[in-house]
Structures are given as C-alpha cells and as structure tokens.
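Asks: Below, each chain spelled out in residue letters.
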Amino acid sequence: MQLTGAEALIKSLEQQGVDTVFGLPGGAILPVYDPLIDSTIRHILVRHEQGAGHMAEGYALATGRPGVAMVTSGPGATNIVTPIGNAHMDSTPLVVITGQVATGSIGTDAFQECDITGITMGITKHNFLVQSAQEIPRAVAAAFHLATTGRPGPVLIDVPKDVTQSMMDWWYPSTVEEYDLPGYRPEVPLDEDAVARAVALIAQSERPVLYVGGGTLKSRASKELLAFAERTGMPVVTTLMARGAFPDSHEQHLGMPGMHGFYAAVTAIQRSDLLISLGARFDDRVTGKISAFAAGAKVIHVDIDRAEFNKVRHADVALQSNIAAALKALDALDATPKSLKSWWKEIRSWQAKYPLVYDEPAVDGPLRPQHVVASIAQKADPGTIVTSGVGQHQMWAAQFWQFEEPGTWINSGGAGTMGFGVPAAIGAKVGRPDRTVWCIDGDGCFQMTAQELVTARSEGIPIKVAILNNAYLGMVRQWQEMFYDERYSEVYLSADLPDYVKWAEAMGCVGLRATNLKEMEDVIDEANRINDVPVVIDFRTDSSEKVFPMVASGASNDDIMVHPSQRGGAM
Amino acid sequence: MSPEPFLGATSHTPVRHHILSVLVENKAGVLARIAGLFARRGFNIYSLAVAPAESHARFSRVTIVVDAESAPLEQIVGQLDKLVNVVAITDLAPHDAVERELLLATIQTDVANRTSLLDTLASAGAAIVDVDPGAVTVMLAGTPAACDQLERALEDFSEVELHRTGRVALPRLGEAAPH
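Protein chains in written order, with our numbering: chain U, 54 to 624; chain H, 22 to 200.
There may be inaccurate statements among the hints.
[Stated by the list, open to error] Derived EDC-like pairs: lysine to aspartate or glutamate, alpha-carbon spacing no greater than 16 Å straight-line:
| hint | chain 1 | residue 1 | chain 2 | residue 2 |
| --- | --- | --- | --- | --- |
| 1 | U | Lys-391 | U | Glu-259 |
| 2 | U | Lys-342 | U | Glu-574 |
| 3 | U | Lys-432 | U | Asp-336 |
| 4 | U | Lys-391 | U | Asp-326 |
| 5 | U | Lys-276 | U | Glu-458 |
| 6 | U | Lys-398 | U | Asp-575 |
| 7 | H | Lys-103 | U | Glu-240 |
| 8 | H | Lys-48 | U | Glu-188 |
| 9 | H | Lys-103 | U | Glu-574 |
| 10 | U | Lys-394 | U | Glu-283 |
| 11 | U | Lys-342 | U | Asp-162 |
| 12 | H | Lys-48 | U | Asp-233 |
Derived from the structure by calculation, the hints contain no laboratory data.
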C-alpha cells in the first residue's frame, strides 16, 4: 500500500492507539493536517502551542497514557519548548510532532526554520529528525516506546515537509528490534544482592520513613506501596509529584515533605534512621540544605534511572528497578523493621502539636485562600482531578486537598511552570471525561495561558477554574516580605485588572466572583451545578496570606517555620 | 571543555582522569548530544577522539578523557548511558589501558637550530614527514606522556605549530590492575 508520509504519520499514530492530538497547524505541518480529517483521532485545536504541550501533559498524567501534541516548525516548535522542558523535569510521557522545512532547505535559514532537535536535545528523552517517508512508522513506534518505558519522558519527532509529501510503502514495525534502538535497555534484572542488603537495613531500622516520589505513580505502584506500608507499619510521605500515590486519609500518611511540607513529614525524615526512597530524586525543594538533610539516616534508593543514585545523596543501597517490582521483592523476603511503637509515638506528638492550620476567615472577606481550597475540596465529587499552576495556590492545593488515588493531582513540579494549570486541566478532562476537573490557579498563572479556555469552550471541555486572586505574584511577594525587607518589587498585579468575570464570559465560559464567605459557598455550589461549559471563579483572597510551614531556601529542614499561630515556645 | 590545566603529572592530563571508550550509533548529531550533555551537567572533557568503529558503518567509537574530579565517574557514566544513541560504555582506568596519541608539529628551521632540532626529534623518536627549505613537519605516535615530553622540548624553538589528536585507548591485555 502506497501512502504519503503524512498519511503514514497519522496511520502510525492510530496504530499506537492515539485517540487525541493537541495541536495547531501551520506551513510545514500542513500536509499532515490533511489526512487528519479522515482519521478517527480527535484533534483539539489550541490557541497557543504552549497550551497544546501542557494539555498533552495533563492528558498523560490523568490517564497514564502518553500525551500527543503536533505543531508546525519555527515559532510553533519553539512555543512548545516550555511544555517539553516541563515534561522532561517531571518524567511525563509525551510525543511531540513538529513540522520542519523541506530537507533541501534545512540549514538555509528558510522561512519558519529552526533547529528544534538541537534546541530540545537537552530537554527530551530523545528526538528524531526523520529523513525519509519510509522511516516514519519506525520513528513513531520508537518514540512511543521511548516515551513510555524506563523513566518516561518527552520524545520529539521533527518531520520535514517534503518527507510528509513523498510516497512510502506502508509498513509498521511489529517488534522492539525493528525500532532500531541498540543502545536502549530500559529494563534491568533486579539486583538480588541489593534487595538482600535492603532487607538487612530495614531489619536494623527503628525509625524508617517511606519517601515516595513521582516514580511511584509512573510505575503504577500504589497498590504495592499500600501493601508494603501496611505490612511493615512504616510512616509514608508523598512528595509534590507523588500526591495521590498513597491515600491522604490513611493513618500512616504524614503528608508532603519539603519546603512547604507538613511539619510531621519534614521532621520525621529529619529524625529517621532509614529513608526508603521510592522513585524520588532528593530534589532541593525536598531536602533543603543537603548536608543537614536526614543526617542520621541510611538510604535505600529505589529508582528505574541509575543516574539518580548518588547524584545528590549517597545511597547505602541502590536498587535499580521499577518501584512495584522492588516492593514486591522486599515483601517476598518479608523485609520488616524493628518495633515502630516509640517512633510512631514521637510522630503522633508532632502531628498533634503542629497540624496544618490557617487563620479563621472573616465573614465579610477577604477570603482565606486555604479555606477556599478546603471548601472546594469538601464539596467536590470523590475522584475529582485537581490541577494547578505554580506558586502559593499550588502549595495550598497540595496541602489542603485530600488526594486519595493516583492521577488526581496534576501540577508542574520540577520546572515550576506558571500557567500550567488551565491547559493541564483541559488535557486531563479530555483524557478523563468521567471525572470532574478543578484547576486551582493563581491570578498570575491564569493570565499566562487563560486563552485556552476558548479552546475548552469551543471543544466542549467543561473544566472548573478557581482563581485565588490576591492581586499579586503571591509567592514572590511572600519571599519579598520575608527575605527582602518587605520591599515589593514588581509583584503587584491588581485584583480588578483584568476583570476575570468579563474575561471568562468573553471566552464563552461562566464567570463568577466571590468576595465573602456567603458568596464563596454559593459560587462553589453554582460551579458544581454547571457541567456543560467551563466555569471561572474569581475568589478575592487576602494578599498577605503566606504559605506555612516553610523552610527558607538553603536552610536546614530542622529550621522549619510553622504557622505564626503555632509559634512561641520551643521551635 | 575547560582550558585550565590541572596541576597534574603532565600539562594535559588531570590527576584523576578516566578514559571512556564509548560505542555510539553513527547518526547525525550524536557528537552534539554527548558534548551537550557534558556541557549542561558541568562535566569536563580533556580530549575527545571519534572514528568509525571496527568494520561497522553503523557504529562509531568515541574516546573521551574525562576529569573525574569535575563530577563523580558514576554520574558521568550514568548520564551518558541515558543517551539513546550510546550503545556501550567501557570505563578504562589509566593503568588498565593502552593509550596512544598522535602529535603533528611544523617547526621553522634555520642553520642555527637545525642540529638541536634533529637531536630533539631523535631522542623523542619523532619522524619527519614533510620538509621545505625553511621548515619541517614532524610526527610522533606515542603515549600521551611522550607527546607531552616532545611538546615541552619543542617549546625551545620559535614558531612551532602543533596539533594533537587526543588519545585513543584499548584495555590492557593480560592481568588488569585492580581498581
């Protein structure tokens, strides 16, 4: 069967089971958009290519399947660089297809030419510049294989226009060997010796902590984690990237560690004698000052990526493995710590002394942002998916929403990409139309990517967006208040400009506003009643609210600052 | 690549260098992927030599001398191994490897310096590969230390143009020294 390269590309995506592509056409990718009309694949036409990338990420994180985005060459390609970098930091499986100028024009500074494989070399797991139409099926199959196996990540396929316009004999690789990846070996056999040494370390431990990272979600190991944690009785912390990997309601769960982590979670790590890291990477936002991080703990580091071992923190036992397989192996050998009775007693005292708190909201407003998050969460359907941008609102969402299952918390962790929330929510809703999707956003973040609500309305994707509008770039404001003598440099945005309600309405969404407690309850209820169009709520929140607990940048986790109402006495 | 010399045994070799013999797919951009990785991770390269490997047109061998003080070797190898086009990495500690390098130098000559130049070349075991009335081009294929030695000896002569290839290496035969 003779096909054009463009037809082969679409057919290859169909072969991979792709049901949705997020994208925006342009000159170099034009040939591929023609056969798309006849395909079963749903295309979501975005308003900016960055939106396509973040939607694909949201889709991937909500479904566990790779997200697919397609854009044109030059600025189309550079506009999707931020989502690619974001997916790379958070190990999100993504396949990004970019058009490229014709092979004969490459290197001539042709119209809309840019070296996107060069630009994304450091922020993709791998990328391809396809040289002939005949190679398209192999490139697509290899890209999906790379994106989804081992440590997942973004893969980019750059396809020149003459390649998509020329003819090929249809074929599709049926075995991994045909992918032609001689250097790629994502699975390694489990190191039985390392497992045995891990069991021995666990057996000596009296103060262990299960330090659960995003890799646990990526390897779908929540069931194994629950079984292991319940059998051993160990306390569990879930990082920002792992929220939902272990039920927040579980009594062994201490919450999130790190810069804005729960006091008990941060302190349990600091006092532990054994850290069992499951797909976590000792990020600086978790460790604080690294030399002071869990100084008395031995470390069992489980990760699929061996380059994570000893990168930041020495691993006493390094176990290269899928998290589920490693936990099963530890269970099989009945790895058991010593009695944890006094350890739990200590932990419970920290939990009792320093729970997460916020000041009582005043009836007439302004609203407390934490209270807004908690109120939305309380009225939300079970299994609601939450996305966020980056900043204070993200931390409050991570703190005050109860996550009970994988894939319900979607945010930008490693890269900290403002504006992630709205497009990620759209992608998540496309992937999981059965779920309610709330985006907890900040006013600064919302302004970066809000135009994608036009996409959401026109494509019939009814997400709900809560803007915690404090009129500031809140996290920067918090740092300026605490560490820069309250010298507020370039952080004021205004609560009224833009008018978020009018803006939402202009984009075909329902726009609501709440300034006091009564209105807050009412608009949340109203938003929950609307299921056909996107809803945007402008919550007017207190600008002076800060995220606590907090470990200052570069400080030791021992110097955690709790909420002002909990201070006084020994801290 | 850092131009700063290490305070080591020679001007060209760091105290703690390792030789990575890396088999890569012979595809466009592979060298850029390796160089880019070293640059963004802050790993130092001392020398780098690339040529097709064995008889396969499909693979090339890249010999990289890395500074194991700029980053732990485990980290360098681990990150390098994640490059999809990297097929195999052999880590050669200096005492486990046979290392050779090629040096080419053109030296301006006159009646006054000719005798001492010939003496220098003879003692280094270098060969003359090109001559004209005012200059000679010489070559030395030898250990990096021998190349260092000749390079230093040639500092006595003015107007020297000198090139070195960077080393290639293979595992030493017979008993390998323990790590």
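Asks: Would you mind marking each hint as holding or not holding in the structure?
Replies: Verification of the hints:
1. U/Lys-391 - U/Glu-259: 5 Å, holds
2. U/Lys-342 - U/Glu-574: 41 Å, violated
3. U/Lys-432 - U/Asp-336: Outside the cut-off at roughly 33 Å; violated.
4. U/Lys-391 - U/Asp-326: The given pair, whose Cα atoms are some 12 Å apart, holds under the 16 Å limit.
5. U/Lys-276 - U/Glu-458: 10 Å, holds
6. U/Lys-398 - U/Asp-575: Distance ~42 Å between U/Lys-398 and U/Asp-575 Cα, so the pair is violated.
7. H/Lys-103 - U/Glu-240: Distance of about 12 Å is within 16 Å: holds.
8. H/Lys-48 - U/Glu-188: Holds. H/Lys-48 to U/Glu-188 sits at ~14 Å (cutoff 16 Å).
9. H/Lys-103 - U/Glu-574: Violated, because 51 Å separates the two Cα atoms, which is more than 16 Å.
10. U/Lys-394 - U/Glu-283: 14 Å, holds
11. U/Lys-342 - U/Asp-162: 46 Å, violated
12. H/Lys-48 - U/Asp-233: Holds, because 12 Å separates the two Cα atoms, which is no more than 16 Å.
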